[in-house]
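Which chain is which? The protein sequence lines are U and C, in order.
The first sequence begins at 30 in this note's numbering and counts up one residue at a time.
The second sequence begins at 70 in this note's numbering and counts up one residue at a time.
Please keep in mind that the hints were generated in silico from the structure rather than gathered at the bench.
If you're wondering where the values come from, they're calculated on a predicted model, not measured in any experiment.
Hints are supplied without guarantee of correctness; some may be wrong.
Listing some non-contacts, in silico: residues in chain C with all C-beta distances to chain U over 10 Å [stated by the list, open to error]:
no.	residue
1	Lys139
2	Asp144
3	Tyr181
From the structure, some residues in chain C lie toward chain U, with a derived Cβ separation under 10 Å [as the list claims (entries may be wrong)]:
no.	residue
4	Trp100
5	Pro115
6	Cys167
7	Leu171
For every residue, glycine included, the Cβ atom is placed at its ideal position computed from N, Cα and C.
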Amino acid sequence: MRHALRAPAYAGMVLVQAYRWTFGVLWGGSCKYHPSCSRYALDALRQYGLLRGSVLAGWRLLRCNPWSHGGVDYAQDQRLFR
Amino acid sequence: MILLSPLTPIEDVLRNVLDWLHGTVGLPWAWSIVALTVIVRLLLVPLTVRQIHSMQNLQRHAPQMKEIQKKYKTDKKKQQEELMKFYRENQINPAASCLPLLAQFPVFIALYFVLREFSKHPPGGDLSWLGHHFVPDITAHANAHWSGYLLLVIYVASQLVSTMLMSSTMDKSQRIMLMVLPVVFVTFLLNFPVGLVIYWVTTNLWTVGQGLITRRLMPKPAVPEKRSSRTPPKEDEAELVAEEPSKPAPAPKPPSQPRRVKRKKKARR
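Generate coordinates for the entire structure from the input sequences, incorporating the hints supplied.
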């Protein structure tokens, strides 16, 4: 039952993995954050499910812009959902 | 198709710009695609200028970063973490960030749909590129004519060069994947309209040019230059910005640590 409920999150993770193996590698695969945005998305989806995980990953992507400074930032350290 | 509806405004804008480039400016359709690509990349230049600044900053701190890399040579994860911390402490903006890359993604998809629409209802005007003998029809699939194959060869070459230029801090397995992936992509691209391949080639060539100019703009670290004619100029180009151990800058070690130890000893007494 728990696994069935997590199916949407797994579907999202498959999409992120597909990105990682195609465009992620093609675009240099380096991110200013540690872990990288796609790694963060995988962690967020696994730990917080499809909806909240997607929001967290989207917010991370927005932060990963040329005006931010990067740094160490794990999904479990997020402050959006408590 | 519902999933792609957010792209409709982008498609409309692209289509309008394309029509404007063809109708008002008077470019042939193929050159309109090239011009459209250049416009998109020009709009992204402010972002890349920021990145040039951060790359200069990176270069200035390269010796210290090298030291960190050496210190955590065995633990790659710890090394990366320490590097990221160092970036933050020194206000360094690592050159690569995800958002500018993703900005090209919807544009690429939207352009694909615009060109597909294009091939379904070919507008009036010249659909060839660089003469009818080279590319007869930019709406045809890339595998329909030998010029399509030539363009794909150029695509693979430009893709390899541009990724080599952009990715200075890559490990070997990633580099190998970079070599293999374009070849895999070509099998898909064979069924893409030639106009899309023209876009992809143009944007890659832009990336290569931008990479070369960026490297030129980078202030060379004050290394005592050898004025001998034997210094190969190629070596300079081959060197990668982030990996350049420009000066053996001896980082002054903070004297606070031994003092702290003394204090601890006092406290224990």
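Cross-check of the supplied hints:
1. Lys139: holds (18 Å)
2. Asp144: holds (13 Å)
3. Tyr181: holds (14 Å)
4. Trp100: violated (26 Å)
5. Pro115: Since chain U brings a Cβ to about 9 Å from Pro115 of chain C, closer than 10 Å, the hint holds.
6. Cys167: Result: holds, 4 Å to nearest chain U Cβ.
7. Leu171: This hint holds: Leu171 of chain C lies near chain U, its Cβ roughly 7 Å from the closest one there, short of 10 Å.
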